[in-house]
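Trainee: So you can see what is in the structure, the chains are spelled out below.
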Amino acid sequence: VQLVESGGALVQPGGSLRLSCAASGFTFSDYWMSWVRQAPGKGLEWVANSKPDGSEQYYVDSVKGRFTISRDNANNSLYLQMKYLGAEDTALYYCVRLDRWLPSGWGHGALVTVSS
Amino acid sequence: DIQMTQSPSTLSASVGDRVTITCRASQTISDWLAWYQQKPGKVPKLLISKASALETGVPSRFSGSGSETEFTLTISCLQPDDFAIYYCQQYSSYSYTFGQGTKLEIK
Chain A
193 VQLVESGGAL VQPGGSLRLS CAASGFTFSD YWMSWVRQAP GKGLEWVANS
243 KPDGSEQYYV DSVKGRFTIS RDNANNSLYL QMKYLGAEDT ALYYCVRLDR
293 WLPSGWGHGA LVTVSS
Chain B
117 DIQMTQSPST LSASVGDRVT ITCRASQTIS DWLAWYQQKP GKVPKLLISK
167 ASALETGVPS RFSGSGSETE FTLTISCLQP DDFAIYYCQQ YSSYSYTFGQ
217 GTKLEIK
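The listed protein sequences correspond, in order, to chains A and B. Just so it is clear: in the first sequence, position 116 is 308 by our numbering, and no numbers are missing. Just so it is clear: in the second sequence, position 80 is 196 by our numbering, and no numbers are missing.
Simulated from the structure, these hints should not be mistaken for lab results. Keep in mind that a hint or two might mislead.
[What the hints assert, rightly or not] Counterexamples of contact, computed for chain A against chain B with all Cβ distances above 12 Å:
#1 Asp222
#2 Glu237
#3 Ala240
#4 Tyr250
#5 Pro295
[To be verified] Each computed DSS-like pair below joins lysine-lysine, with the alpha-carbon atoms no more than 25 Å apart:
#6 Lys275(A) x Lys166(B)
#7 Lys161(B) x Lys243(A)
#8 Lys158(B) x Lys219(B)
#9 Lys256(A) x Lys275(A)
#10 Lys223(B) x Lys256(A)
#11 Lys223(B) x Lys166(B)
#12 Lys155(B) x Lys234(A)
#13 Lys158(B) x Lys223(B)
#14 Lys155(B) x Lys223(B)
#15 Lys234(A) x Lys158(B)
#16 Lys166(B) x Lys243(A)
#17 Lys275(A) x Lys243(A)
Where is the CB? At the ideal position from N, CA and C, for every residue including glycine.
Construct the entire structure; sequences and hints are all you get.
Mentor: Laid out in structure tokens, this is it:
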């Protein structure tokens with residue numbers, strides 16, 4: 193299982209950013225996928241889940257209406273579109289594969305910093 | 117979202133001690149509760165699923181119990197490698213939530 197995030201950057205408050213996760217080593221379209229974040233020196237926060245076929249998405253309340261999880265099963269890719277970013281969104285964002293509802297693989301993370 | 121509350125936030129203990137961390141859910145989650153260990157600079161490691169099922173390779177000194185809204189993680193006979201941050205996480209709903217974490221530090 194290999195998950196490689198990209199797209200992390202420094203972005204101004206109110207800005208937008210899209211994270212990508214390239215998956216390999218498994219049949220991507222068979223698995224629920226998630227984004228989990230961790231602010232510097234803080235705890236873990238589950239951000240979003242995506243059903244294997246991409247037909248359903250679930251979000252933590254703090255990102256609903258601002259973040260969108262999506263996937264391209266043909267290209268083994270997971271995305272997180274983030275809008276109206278604030279300082280509270282500064283974090284390391286992990287791409288996570290779920291197996292039997294729990295993590296069975298983590299990426300190395302993509303750092304998003306929201307600051308002027 | 118279901119809220120998960122861990123206690124204590126910090127726990128000081130010595131090698132050989134037995135320690136217990138508590139996790140409470142804001143509503144019933146049956147036994148859809150997992151425990152993780154995280155060390156600095158590393159991704160979390162899954163220790164226990166379904167409240168009490170030890171993951172393969174996790175030492176037997178780790179155990180979990182509880183159901184509905186109250187859960188515990190117990191580590192018997194602490195080893196030096198066990199000093200880390202521990203998180204509970206519910207997966208009863210499709211919107212998962214973690215507890216805020218418990219830092220287990222050396223006394």
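Trainee: Each hint should be assessed against the structure and marked as holding or not.
Mentor: To see whether the hints hold, each was checked on the structure:
no. : hint                  : result
1   : Asp222                : 17 Å, holds
2   : Glu237                : 6 Å, violated
3   : Ala240                : 9 Å, violated
4   : Tyr250                : 4 Å, violated
5   : Pro295                : 6 Å, violated
6   : Lys275(A) x Lys166(B) : 35 Å, violated
7   : Lys161(B) x Lys243(A) : 23 Å, holds
8   : Lys158(B) x Lys219(B) : 15 Å, holds
9   : Lys256(A) x Lys275(A) : 10 Å, holds
10  : Lys223(B) x Lys256(A) : 41 Å, violated
11  : Lys223(B) x Lys166(B) : 31 Å, violated
12  : Lys155(B) x Lys234(A) : 13 Å, holds
13  : Lys158(B) x Lys223(B) : 23 Å, holds
14  : Lys155(B) x Lys223(B) : 17 Å, holds
15  : Lys234(A) x Lys158(B) : 13 Å, holds
16  : Lys166(B) x Lys243(A) : 21 Å, holds
17  : Lys275(A) x Lys243(A) : 22 Å, holds
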